[in-house]
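Trainee: The whole structure should be built from the sequences, with the hints applied where relevant.
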Amino acid sequence: MNSIEIRDLALRFGQTTVLNNLDLDIGEGEFLVLLGSSGCGKSTLLNCIAGLLDISEGQIFINNKNVTWEEPKDRGIGMVFQSYALYPQMTVYGNLAFGLKNAGIPKEEIEKRIAKAADMLQIEPFLQRKPAALSGGQRQRVAIGRALVRDVDVFLFDEPLSNLDAKLRTELRVEIKQLHQRLGNTMIYVTHDQIEAMTLADRIAIMKGGKIQQLDTPANIYNRPQNKYVAGFIGSPSMNFIKGTVSEGKPPVFRSGEVEIPLSGYEFASQPIGETPVWFGIRPEHVVHGDAAADAPFKTTVKVDVFEPMGSDTQVWSKIADQTFRFRIDGRVQIANGDVIEVGFDPHCASLFNLESELRL
Amino acid sequence: MLKEPKGPRPRKVIAPGRIMLYTALAFAALYYALPLYVMLVTSLKGMPEIRMGNIFAPPMEVTFAPWIKAWDSACTGLYCEGLKVGFWNSVKITVPSVIASIAIASINGYALVNWRFKGSEVFFGILIFGSFIPYQVMLYPLVIITREMGIFGSLWAVIFIHTIFGMPLLTLIFRNYFAALPQELFKAARVDGSGFWGIYWKVLLPMSTPIFVVAVILQVTGIWNDFLFGIVFAGVKNFPMTVQLNNIVNTTMGVKEYNVNMAATILTASVPLVIYFLSGRYFVRGIAAGAVKG
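Chains as they are written, first to last, in the working numbering: chain A, 1 to 361; chain B, 1 to 294.
Think of the hints as simulated: they come from the structure by calculation, not from any bench. Backbone N, C-alpha and C fix where the C-beta goes; we use that ideal spot for every residue, glycine too. Careful, some of the hints might be misleading.
Unchecked claim - Only pairs whose alpha carbons sit at most 27 Å apart, straight line, appear in this in silico DSS-like list of lysine-lysine:
hint	chain 1	residue 1	chain 2	residue 2
1	B	K237	A	K73
2	A	K107	B	K118
3	A	K116	B	K202
4	B	K84	B	K202
As the list claims (entries may be wrong) - Selected chain B positions facing chain A (in silico; Cβ < 8 Å):
hint	residue
5	R190
6	D192
7	S194
8	G198
Mentor: This is the structure:
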């Protein structure tokens with residue numbers, strides 16, 4: 001059963017089309033992350049689902065109820081914002097109780113729900129404080145609590161961790177994941193942070209220009225990106241792309257300049273016919289060196305142009321077929337500029353994209 | 001021996017720049033305070049003492065008679081009942097005008113920021129354009145409008161006019177203040193089930209004390225000091241304090257009673273002065289809050 005269904009959604013501001021022909025099904029209890037760079041329409045989509053923006057076309061169903069024309073409060077959603085959006089003149093208790101009072105819920109029930117949420121989020125000690133007297137992490141907990149007490153089926157998160165420092169972000173990320181496991185609610189989570197997306201999501205929807213580029217599990221998004229944009233967006237450092245051609249054969253062969261890579265083990269969506277111009281993509285972390293390289297299906301030697309030590313590993317910039325090629329080696333290996341290193345990789349881990357359509361082959 | 005620079009940089013106790021600054025400030029303060037001083041001492045002198053000249057000298061014999069006369073029995077045109085009549089007229093004009101104009105303008109500003117409707121930008125543009133039109137241009141049409149409404153020559157006419165003319169500037173400052181508040185707060189309140197009025201009363205108003213103080217100061221001083229609308233629309237019986245003050249000071253009959261004139265002027269100016277003293281701190285804070293986000 002689907003918790004949220006979006007049918008043919010479009011949103012236009014005057015002449016500008018922000019979202020167009022968008023369809024999305026989100027299962028019950030699913031954790032869906034909307035991921036994309038700024039301006040891709042991910043927050044806009046969330047606001048449409050919440051009912052904070054009036055849509056231009058299409059329908060939105062929440063729990064099989066058509067909520068397209070419903071007010072936000074009647075949609076059965078709770079929302080958490082990036083800037084916390086706590087009411088500054090109310091205490092934490094007042095913040096949590098505000099929505100419940102508006103809904104006309106009896107006082108005992110309000111107290112019960114707040115006590116439960118406060119316990120779950122460990123915010124009991126601050127219930128009588130004003131938001132200004134709380135730290136960023138505490139404020140975001142209260143904001144989550146405000147969604148929690150509404151006792152709804154769907155939680156919407158709009159970049160909830162972006163205002164926090166790196167350490168707190170990691171902590172709260174885990175808390176949100178635990179919360180989801182305990183509550184089992186449907187959650188839609190907007191972020192531009194791929195780590196958050198990969199760690200939290202059951203499925204990720206990568207958006208660009210108001211369109212969903214790929215909707216899949218984190219593993220599939222990472223291993224089998226459907227187009228070059230997704231491939232370059234996910235992964236840090238991002239995927240190496242080498243321009244060249246792929247030609248028919250058993251196995252098919254990728255050629256770029258003097259480099260020839262036999263593509264044994266690569267799972268083609270459809271076997272290449274003739275010669276096709278392509279992007280060959282391989283993730284830096286899938287490139288091996290040293291002894292491991294000797295066993296790799298494909299191996300070559302590269303010259304170190306620049307290296308960036310990062311402690312646990314070192315990022316090396318080099319060239320294959322005169323095109324930038326980055327890979328990571330163990331941080332303990334001593335290297336110098338100009339060194340020649342033997343590297344290798346398994347074409348099974350690679351991704352091929354049509355040069356023009358940029359779609360996966 | 002040259003001392004190596006270390007720790008806090010030494011500051012000269014009396015730097016030339018400081019002396020310049022304080023001298024300039026002292027002169028500026030003197031320049032503004034002197035007329036007030038002259039008014040105050042003159043109002044406390046009797047007429048014989050004033051005729052001796054020497055306007056800077058403190059009174060030899062302090063008398064409050066001019067103050068009592070100005071308040072209670074000075075002639076303002078046809079009536080000789082002093083400024084108190086005008087004072088109460090001004091209060092009756094100022095209080096409702098301030099409340100009505102601020103209430104309407106704050107709701108305008110709130111709606112313009114948070115509940116955009118088709119043409120709301122045009123509406124706002126027209127409103128702002130209104131603040132550039134000189135009042136005098138609209139005087140005659142307004143006389144006709146108030147006459148047709150049947151309120152010409154009453155306090156209601158003046159209240160009506162002040163409320164209308166307060167709109168452009170007040171709407172602008174409220175709009176800008178509300179626009180600087182985080183939009184997410186407004187969205188959160190909508191998710192929490194607040195409607196148009198709920199958000200205004202329970203979320204925005206409690207956060208907006210500084211800007212309301214600014215609006216009150218602007219309106220109280222503006223309306224209290226108004227002369228033009230008072231003399232045109234109020235009718236002889238309802239002249240505000242400023243018009244009566246003018247009638248006292250510009251009277252051409254008999255002796256010019258400088259002490260009474262001074263006392264009357266100070267009395268008239270005291271209301272805006274008190275407002276400033278009580279809320280100056282909020283005024284600065286409110287203006288700053290509008291300028292800087294957060």
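Trainee: Compare the structure with each hint and give your call.
Mentor: Verification of the supplied hints:
1. B:K237 x A:K73: violated (55 Å)
2. A:K107 x B:K118: Violated. K107 (chain A) to K118 (chain B) sits at ~40 Å, over the 27 Å cutoff.
3. A:K116 x B:K202: holds (25 Å)
4. B:K84 x B:K202: violated (40 Å)
5. R190: With a minimum Cβ separation of about 5 Å from chain A (threshold 8 Å), the hint on R190 (chain B) holds.
6. D192: Holds. Min distance 3 Å.
7. S194: holds (6 Å)
8. G198: holds (7 Å)
Hints 1, 2 and 4, counting from the list given before, are not met by this structure.
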